[in-house]
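First to last, the protein sequences are chains B and L. Letter 202 of the first sequence, counting from 1, is numbered 202 in full-length UniProt numbering, and no numbers are missing. Letter 179 of the second sequence, counting from 1, is numbered 179 in full-length UniProt numbering, and no numbers are missing.
Check each hint, because a few of them may be wrong.
BS3-like, lysine-lysine: derived pairs with alpha carbons at most 25 Å apart [stated by the list, open to error]:
no.: 1; chain 1: L; residue 1: K205; chain 2: B; residue 2: K17
no.: 2; chain 1: B; residue 1: K208; chain 2: B; residue 2: K17
no.: 3; chain 1: B; residue 1: K204; chain 2: B; residue 2: K140
no.: 4; chain 1: L; residue 1: K104; chain 2: B; residue 2: K120
no.: 5; chain 1: B; residue 1: K132; chain 2: L; residue 2: K10
no.: 6; chain 1: B; residue 1: K140; chain 2: L; residue 2: K127
no.: 7; chain 1: B; residue 1: K204; chain 2: B; residue 2: K132
no.: 8; chain 1: B; residue 1: K132; chain 2: L; residue 2: K105
no.: 9; chain 1: L; residue 1: K10; chain 2: B; residue 2: K44
no.: 10; chain 1: B; residue 1: K113; chain 2: L; residue 2: K104
no.: 11; chain 1: L; residue 1: K182; chain 2: L; residue 2: K154
no.: 12; chain 1: L; residue 1: K104; chain 2: L; residue 2: K140
no.: 13; chain 1: L; residue 1: K140; chain 2: L; residue 2: K154
no.: 14; chain 1: B; residue 1: K155; chain 2: B; residue 2: K46
no.: 15; chain 1: L; residue 1: K205; chain 2: L; residue 2: K5
no.: 16; chain 1: B; residue 1: K132; chain 2: L; residue 2: K181
no.: 17; chain 1: L; residue 1: K205; chain 2: L; residue 2: K127
no.: 18; chain 1: B; residue 1: K132; chain 2: L; residue 2: K112
no.: 19; chain 1: L; residue 1: K10; chain 2: L; residue 2: K205
no.: 20; chain 1: L; residue 1: K154; chain 2: L; residue 2: K112
no.: 21; chain 1: L; residue 1: K127; chain 2: L; residue 2: K112
no.: 22; chain 1: B; residue 1: K140; chain 2: L; residue 2: K205
no.: 23; chain 1: L; residue 1: K127; chain 2: B; residue 2: K208
no.: 24; chain 1: L; residue 1: K205; chain 2: L; residue 2: K181
no.: 25; chain 1: B; residue 1: K140; chain 2: L; residue 2: K10
no.: 26; chain 1: L; residue 1: K112; chain 2: B; residue 2: K17
no.: 27; chain 1: L; residue 1: K154; chain 2: L; residue 2: K181
no.: 28; chain 1: B; residue 1: K17; chain 2: B; residue 2: K204
no.: 29; chain 1: B; residue 1: K113; chain 2: L; residue 2: K10
no.: 30; chain 1: L; residue 1: K5; chain 2: L; residue 2: K154
no.: 31; chain 1: B; residue 1: K132; chain 2: B; residue 2: K208
no.: 32; chain 1: B; residue 1: K120; chain 2: L; residue 2: K10
no.: 33; chain 1: B; residue 1: K120; chain 2: L; residue 2: K5
no.: 34; chain 1: L; residue 1: K182; chain 2: B; residue 2: K132
no.: 35; chain 1: L; residue 1: K154; chain 2: B; residue 2: K120
no.: 36; chain 1: B; residue 1: K113; chain 2: B; residue 2: K132
no.: 37; chain 1: L; residue 1: K105; chain 2: L; residue 2: K182
no.: 38; chain 1: L; residue 1: K140; chain 2: B; residue 2: K113
no.: 39; chain 1: L; residue 1: K182; chain 2: L; residue 2: K140
Simulated from the structure, these hints should not be mistaken for lab results.
Now for the letters of each chain:
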Amino acid sequence: MIQYIEQILPALLSGTKMTLSIFFWTLIISIPLGALVGLGLIQKFKPLVWLLNIYVWLMRGTPLLLQLIFVFYGLPILGIIFQRYDAALFAFILNYTAYFGEIFRGGFQSVPKGQFESAKVLRLSYGQTIRKIVIPQVFKIVLPSIGNEVINLVKDSSLVYVIGLGDLLRAGNVATARDVTLVPLILVGIIYLALTAICTIVLKLIEKRENVWQ
Amino acid sequence: MLEIKNLTKKFDNRTIIDNLSMTVNDNEIMAIVGPSGAGKTTLLRCITGLETVNQGQFFWNGQQFDPANTDQKDTIIGVVFQDYQLFPNLTVMGNITLAPTMVKKLPLDQVKASARHLLSRLGLEGKEDLYPFQLSGGQKQRVAIVRALAMNPKILCYDEPTSALDPALRDEVAEIILDLKKQQMTQIVVTHDMDFAQNVADEIKRVAQLS
Numbered sequence: 001m002i003q004y005i006e007q008i009l010p011a012l013l014s015g016t017k018m019t020l021s022i023f024f025w026t027l028i029i030s031i032p033l034g035a036l037v038g039l040g041l042i043q044k045f046k047p048l049v050w051l052l053n054i055y056v057w058l059m060r061g062t063p064l065l066l067q068l069i070f071v072f073y074g075l076p077i078l079g080i081i082f083q084r085y086d087a088a089l090f091a092f093i094l095n096y097t098a099y100f101g102e103i104f105r106g107g108f109q110s111v112p113k114g115q116f117e118s119a120k121v122l123r124l125s126y127g128q129t130i131r132k133i134v135i136p137q138v139f140k141i142v143l144p145s146i147g148n149e150v151i152n153l154v155k156d157s158s159l160v161y162v163i164g165l166g167d168l169l170r171a172g173n174v175a176t177a178r179d180v181t182l183v184p185l186i187l188v189g190i191i192y193l194a195l196t197a198i199c200t201i202v203l204k205l206i207e208k209r210e211n212v213w214q
Numbered sequence: 001m002l003e004i005k006n007l008t009k010k011f012d013n014r015t016i017i018d019n020l021s022m023t024v025n026d027n028e029i030m031a032i033v034g035p036s037g038a039g040k041t042t043l044l045r046c047i048t049g050l051e052t053v054n055q056g057q058f059f060w061n062g063q064q065f066d067p068a069n070t071d072q073k074d075t076i077i078g079v080v081f082q083d084y085q086l087f088p089n090l091t092v093m094g095n096i097t098l099a100p101t102m103v104k105k106l107p108l109d110q111v112k113a114s115a116r117h118l119l120s121r122l123g124l125e126g127k128e129d130l131y132p133f134q135l136s137g138g139q140k141q142r143v144a145i146v147r148a149l150a151m152n153p154k155i156l157c158y159d160e161p162t163s164a165l166d167p168a169l170r171d172e173v174a175e176i177i178l179d180l181k182k183q184q185m186t187q188i189v190v191t192h193d194m195d196f197a198q199n200v201a202d203e204i205k206r207v208a209q210l211s
């Protein structure tokens, strides 16, 4: 048993690497983009708001699985060809930016108008106000919701399976099919649990650090 | 000297301020009083540039200026809001130094030194590193005053400075305002509290509700 685990572990860990890579880059890119989309959604310039709303509606209104398939198998018909990994990342970033955008919109709207006015009479520019006063407050407000999405992302990353990327789930499934044993799938479950546990702890630590002010 | 000439402010078709002119002399305290809904706060918001006016001019020492023009680095008006609007994510010191360092590009050391001086004058020494939620209402208000003063305004405006304070603190604010007057600060106080206005003001401007 131990021997078997030792035997399949390298394949699982290499799959975990792929899972983490999708996870990491999606977060790094779509959180800042989501903040920008959220900021766009509270502007007074209506065409921009409509455009962003349509984008958010499309991304949240269709399955991420469909979006993945669309980008990798569909777009080549139009002559747009992505490598597997790039296609996965592209679809994940588009999808998660929309969710983060909506979360940030709610965050921006819950900063009292008085904070903007207070900054304005101190002659801070809009950019300075957003960076120094609004973003830190929004960050604290959205942290629990972002945390939810982060945990979701760990698990959603398994969808890349469908376009043939060798992630954690695929590694486990391959081993189970080959060796006719449940062990690889159980290990896959344990690794996902460990990953989400780490995310939960990190998020709790960040929340705690944010609690120095209220 | 601040002069306001022929100020008119409408919200849609409702006229809130109709052709108002007033002068605030240097070193004086002007109280703007009147019942709720008479447009006191709107008047203050026009002076502080938070509302654009439909008509009227503002002059500082004979020079016309536009309070709503946020590009001006040379601040004429400072404001203490009714609910203070301190930045909750910054410490007391952070609240005070943010604008002078970012807008006026003053060196942090210099801003901090003068902030400490102002804080101790208002009895807030030792509070530099606290966050706003750790302060009492009166302390928050004094931090808001220091934050406004740190930008070296020519005129300091208060919106209902006594409304959230108990009677003992009311007298304290009056003392602070009178003390700042001794330091040559021109001040405008919007209040519905007649006694308070009479206590501090050199001149009282009454605004009445327009039909």
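These are the hints, each one checked on the structure:
no.: 1; hint: L/K205 <-> B/K17; in the structure: 72 Å, violated
no.: 2; hint: B/K208 <-> B/K17; in the structure: 29 Å, violated
no.: 3; hint: B/K204 <-> B/K140; in the structure: 12 Å, holds
no.: 4; hint: L/K104 <-> B/K120; in the structure: 14 Å, holds
no.: 5; hint: B/K132 <-> L/K10; in the structure: 33 Å, violated
no.: 6; hint: B/K140 <-> L/K127; in the structure: 23 Å, holds
no.: 7; hint: B/K204 <-> B/K132; in the structure: 23 Å, holds
no.: 8; hint: B/K132 <-> L/K105; in the structure: 15 Å, holds
no.: 9; hint: L/K10 <-> B/K44; in the structure: 21 Å, holds
no.: 10; hint: B/K113 <-> L/K104; in the structure: 24 Å, holds
no.: 11; hint: L/K182 <-> L/K154; in the structure: 14 Å, holds
no.: 12; hint: L/K104 <-> L/K140; in the structure: 24 Å, holds
no.: 13; hint: L/K140 <-> L/K154; in the structure: 22 Å, holds
no.: 14; hint: B/K155 <-> B/K46; in the structure: 36 Å, violated
no.: 15; hint: L/K205 <-> L/K5; in the structure: 15 Å, holds
no.: 16; hint: B/K132 <-> L/K181; in the structure: 32 Å, violated
no.: 17; hint: L/K205 <-> L/K127; in the structure: 36 Å, violated
no.: 18; hint: B/K132 <-> L/K112; in the structure: 18 Å, holds
no.: 19; hint: L/K10 <-> L/K205; in the structure: 20 Å, holds
no.: 20; hint: L/K154 <-> L/K112; in the structure: 20 Å, holds
no.: 21; hint: L/K127 <-> L/K112; in the structure: 13 Å, holds
no.: 22; hint: B/K140 <-> L/K205; in the structure: 43 Å, violated
no.: 23; hint: L/K127 <-> B/K208; in the structure: 22 Å, holds
no.: 24; hint: L/K205 <-> L/K181; in the structure: 18 Å, holds
no.: 25; hint: B/K140 <-> L/K10; in the structure: 38 Å, violated
no.: 26; hint: L/K112 <-> B/K17; in the structure: 48 Å, violated
no.: 27; hint: L/K154 <-> L/K181; in the structure: 12 Å, holds
no.: 28; hint: B/K17 <-> B/K204; in the structure: 24 Å, holds
no.: 29; hint: B/K113 <-> L/K10; in the structure: 21 Å, holds
no.: 30; hint: L/K5 <-> L/K154; in the structure: 19 Å, holds
no.: 31; hint: B/K132 <-> B/K208; in the structure: 20 Å, holds
no.: 32; hint: B/K120 <-> L/K10; in the structure: 22 Å, holds
no.: 33; hint: B/K120 <-> L/K5; in the structure: 24 Å, holds
no.: 34; hint: L/K182 <-> B/K132; in the structure: 34 Å, violated
no.: 35; hint: L/K154 <-> B/K120; in the structure: 17 Å, holds
no.: 36; hint: B/K113 <-> B/K132; in the structure: 15 Å, holds
no.: 37; hint: L/K105 <-> L/K182; in the structure: 28 Å, violated
no.: 38; hint: L/K140 <-> B/K113; in the structure: 18 Å, holds
no.: 39; hint: L/K182 <-> L/K140; in the structure: 22 Å, holds
When each numbered hint is compared with the structure, violations occur for hints 1, 2, 5, 14, 16, 17, 22, 25, 26, 34, 37.
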